[in-house]
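S.K.: Construct the complete structure from the given sequences, taking the supplied hints into account.
These protein sequence lines map, in sequence, to chains H and Z.
Okay, so the first sequence: first residue is 6 according to the working numbering, each after it adds one.
Okay, so the second sequence: first residue is 6 according to the working numbering, each after it adds one.
Warning: the hint list may mix true and false statements.
What the hints assert, rightly or not - Restraint-style ranges between C-beta atoms, simulated for each label pair: (1) H/Arg315 with Z/Asp348: 39 to 45 Å; (2) H/Arg315 with Z/Asp164: 56 to 62 Å; (3) Z/Asp298 with H/Lys357: 47 to 53 Å; (4) H/Thr34 with Z/Ile301: 32 to 38 Å; (5) Z/Leu291 with H/Arg304: 42 to 48 Å; (6) Z/Gly321 with H/Arg198: 17 to 23 Å; (7) H/Ile301 with Z/Arg41: 38 to 44 Å; (8) H/Ala328 with Z/Thr50: 44 to 50 Å; (9) Z/Asp145 with H/Ile301: 45 to 51 Å; (10) H/Leu35 with Z/Asp298: 45 to 51 Å; (11) H/Glu302 with Z/Ala353: 48 to 54 Å.
It is worth saying that the hints were derived from the structure and are not from the lab.
Every residue gets a Cβ at the ideal spot worked out from N, C-alpha and C, and that includes glycine.
Spelled out, the chains give:
There are 2 protein chains.
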Amino acid sequence: MQSTLPKIVPPTLEWIGDVAGHLRLIDQTLLPTEVRFRDCHDLPTVWEAIKSLRVRGAPAIGIAAAYGVVIGVRHPTDSRDSCIDLACEAVDYLATSRPTAVNLFWALERMKTRALELRDCKDGVEFKSELLAEARAIHDEDRQMCRAIGRYGAELLQDNWGLLTHCNAGGLATSEYGPALAVFYSAHDSGKRLRVFADETRPLLQGARLTAWELQQHGLNVTLICDSMAAKVMSEGRIQAVVVGADRIAANGDAANKIGTYGVAVLAAAHNIPFYVAAPSTTFDLSIASGDDIPIEERDPREITHAFGRETAPEGIKVYNPAFDVTPARLIRALITERGVIDPVTPAQISKVLG
Amino acid sequence: MQSTLPKIVPPTLEWIGDVAGHLRLIDQTLLPTEVRFRDCHDLPTVWEAIKSLRVRGAPAIGIAAAYGVVIGVRHPTDSRDSCIDLACEAVDYLATSRPTAVNLFWALERMKTRALELRDCKDGVEFKSELLAEARAIHDEDRQMCRAIGRYGAELLQDNWGLLTHCNAGGLATSEYGPALAVFYSAHDSGKRLRVFADETRPLLQGARLTAWELQQHGLNVTLICDSMAAKVMSEGRIQAVVVGADRIAANGDAANKIGTYGVAVLAAAHNIPFYVAAPSTTFDLSIASGDDIPIEERDPREITHAFGRETAPEGIKVYNPAFDVTPARLIRALITERGVIDPVTPAQISKVLG
Numbered sequence: 006m007q008s009t010l011p012k013i014v015p016p017t018l019e020w021i022g023d024v025a026g027h028l029r030l031i032d033q034t035l036l037p038t039e040v041r042f043r044d045c046h047d048l049p050t051v052w053e054a055i056k057s058l059r060v061r062g063a064p065a066i067g068i069a070a071a072y073g074v075v076i077g078v079r080h081p082t083d084s085r086d087s088c089i090d091l092a093c094e095a096v097d098y099l100a101t102s103r104p105t106a107v108n109l110f111w112a113l114e115r116m117k118t119r120a121l122e123l124r125d126c127k128d129g130v131e132f133k134s135e136l137l138a139e140a141r142a143i144h145d146e147d148r149q150m151c152r153a154i155g156r157y158g159a160e161l162l163q164d165n166w167g168l169l170t171h172c173n174a175g176g177l178a179t180s181e182y183g184p185a186l187a188v189f190y191s192a193h194d195s196g197k198r199l200r201v202f203a204d205e206t207r208p209l210l211q212g213a214r215l216t217a218w219e220l221q222q223h224g225l226n227v228t229l230i231c232d233s234m235a236a237k238v239m240s241e242g243r244i245q246a247v248v249v250g251a252d253r254i255a256a257n258g259d260a261a262n263k264i265g266t267y268g269v270a271v272l273a274a275a276h277n278i279p280f281y282v283a284a285p286s287t288t289f290d291l292s293i294a295s296g297d298d299i300p301i302e303e304r305d306p307r308e309i310t311h312a313f314g315r316e317t318a319p320e321g322i323k324v325y326n327p328a329f330d331v332t333p334a335r336l337i338r339a340l341i342t343e344r345g346v347i348d349p350v351t352p353a354q355i356s357k358v359l360g
Numbered sequence: 006m007q008s009t010l011p012k013i014v015p016p017t018l019e020w021i022g023d024v025a026g027h028l029r030l031i032d033q034t035l036l037p038t039e040v041r042f043r044d045c046h047d048l049p050t051v052w053e054a055i056k057s058l059r060v061r062g063a064p065a066i067g068i069a070a071a072y073g074v075v076i077g078v079r080h081p082t083d084s085r086d087s088c089i090d091l092a093c094e095a096v097d098y099l100a101t102s103r104p105t106a107v108n109l110f111w112a113l114e115r116m117k118t119r120a121l122e123l124r125d126c127k128d129g130v131e132f133k134s135e136l137l138a139e140a141r142a143i144h145d146e147d148r149q150m151c152r153a154i155g156r157y158g159a160e161l162l163q164d165n166w167g168l169l170t171h172c173n174a175g176g177l178a179t180s181e182y183g184p185a186l187a188v189f190y191s192a193h194d195s196g197k198r199l200r201v202f203a204d205e206t207r208p209l210l211q212g213a214r215l216t217a218w219e220l221q222q223h224g225l226n227v228t229l230i231c232d233s234m235a236a237k238v239m240s241e242g243r244i245q246a247v248v249v250g251a252d253r254i255a256a257n258g259d260a261a262n263k264i265g266t267y268g269v270a271v272l273a274a275a276h277n278i279p280f281y282v283a284a285p286s287t288t289f290d291l292s293i294a295s296g297d298d299i300p301i302e303e304r305d306p307r308e309i310t311h312a313f314g315r316e317t318a319p320e321g322i323k324v325y326n327p328a329f330d331v332t333p334a335r336l337i338r339a340l341i342t343e344r345g346v347i348d349p350v351t352p353a354q355i356s357k358v359l360g
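M.R.: Shown next as structure tokens:
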């Protein structure tokens, strides 16, 4: 439907220059009040950017790390072997930045494999050039994947619809387009007029800080609400579809995502609003039978009691702060992947589309 | 069931001393990090306390204003007429503190009526003494009303239940016990072991700042959650009933309450959890046929974009910030009033119980 998708401005991250270039990324810790870029010319700067969440979102972390390995081979000499050593050292070093990030390890492993494949190349210059090509490939595959999700998802949306999303499964979590927000971007780019409501997403406000910002940057009509207002907006007839991302999807289609997603799904069902989950095929973990087996991380109570630096709850109060919840497959109208739309959400259909 | 209900410590407000005494109230703007009392010895201090939300919640404002009228008759002379003039001036002055607070006008009107009735009393000392008695009566009626709601509501709760509440319909909004939290206090005081989950209640965090604090003060087992976590807690089987307050109830039982309440009611229905609304009979507005006719105030976008003193959303973002939502009668298992429990929630049953 759409062919010349404009790039989201500014991009989450990009490689500046040629093989001797560097990685530039938006410092997401300063959003939404300040748009400042961080230029990473050396390995410790990349490591720190990942560690400190200046770049976040599984795919974006993976891409940043891949470019980080290229940066690690800072001064290519004529010795291929020393380049390989430098690349492997960079992989080991960057792996310590965020120990639980699956995409980080996946990307680093891929870069290491490629580095070891390059034993036969002419010299360090060719080595580094090939390594950069691999990082660019990871970057480009993410871009293509998000756009494919966007194209499939956009077909499900109609002109003049109101939409709701939760958290940030957007361009800032990936190279540029994101999984869930790609659906909105694609529909918007193809001329559909959308009104998007963004849940602020307590406790960490990814919706207010990131989703509202990037939708605004892209020129979409976006309205920020508190999580507790979604039900009212639905009851007013202002939402025709919900689209969210996922952190992990089980073989039966149960989807783990940011806390609050399950509640939105229940509310959508009660208002007869279709609820879509948009996620790349890599999000599926077919070794997990159902959502019951997805472990849910509990996070620091201070995210709730000391919101944004101020103490907003009594001293010593008990807190429950799960980071994710699981939306059962029965509440999901369809799963939108880069390989197609999974509808109905059944184990058989999942196997068929992802097959 | 319970006879000697302990007073909630500390009380929201109290009259200190005899007829020459003063009003002491908790400065709620400092909660939950600081418990500081504000002693109001003169009229401007009472006015400022109401204006600046140091005392909040419709019933509590009404009681504070009633005592304020007594304080307004600061120096009773032998002249009854000058006392009456002072009282009427105090009424007019205090009425300017929060122009939309219905209970404020109700209490002031009652104090004025009483002042005018006292034309025949002996002197200024007797006048002021009688006026104080009227303020104490307003205060005591609120206390009795909340305790009656608490007694009726407590019958609906069982030992070892998990409960959820939203916003603060508690002691801090009334003289000491509150409408919704009175149900928990009464059940707790009668020996039932409860586990209460308090929604933090964005945007103004009354749940985190006030409900969590007063339940903790009263010795209840309370856990603070974000609004977006209620659905997960319900799905885990940890909630056996929801109890909330109401700002206004229509003739058909539709109830307006703090934004987010309607969503909690939908979630409760989806999890087969009974949803109760506890409110005094004065909350009912039988001139309003249904919730559709209840006007909903929209509030300052900055409550969402500048949470907690820090800017947490992009510049110029559109915001929707309704202060209340309406829960339809069909989602309410029963209405708990000081005159009894209204079950089922139908116009006929409402008329029957409220007489």
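S.K.: Which hint numbers doesn't this structure obey?
M.R.: 2
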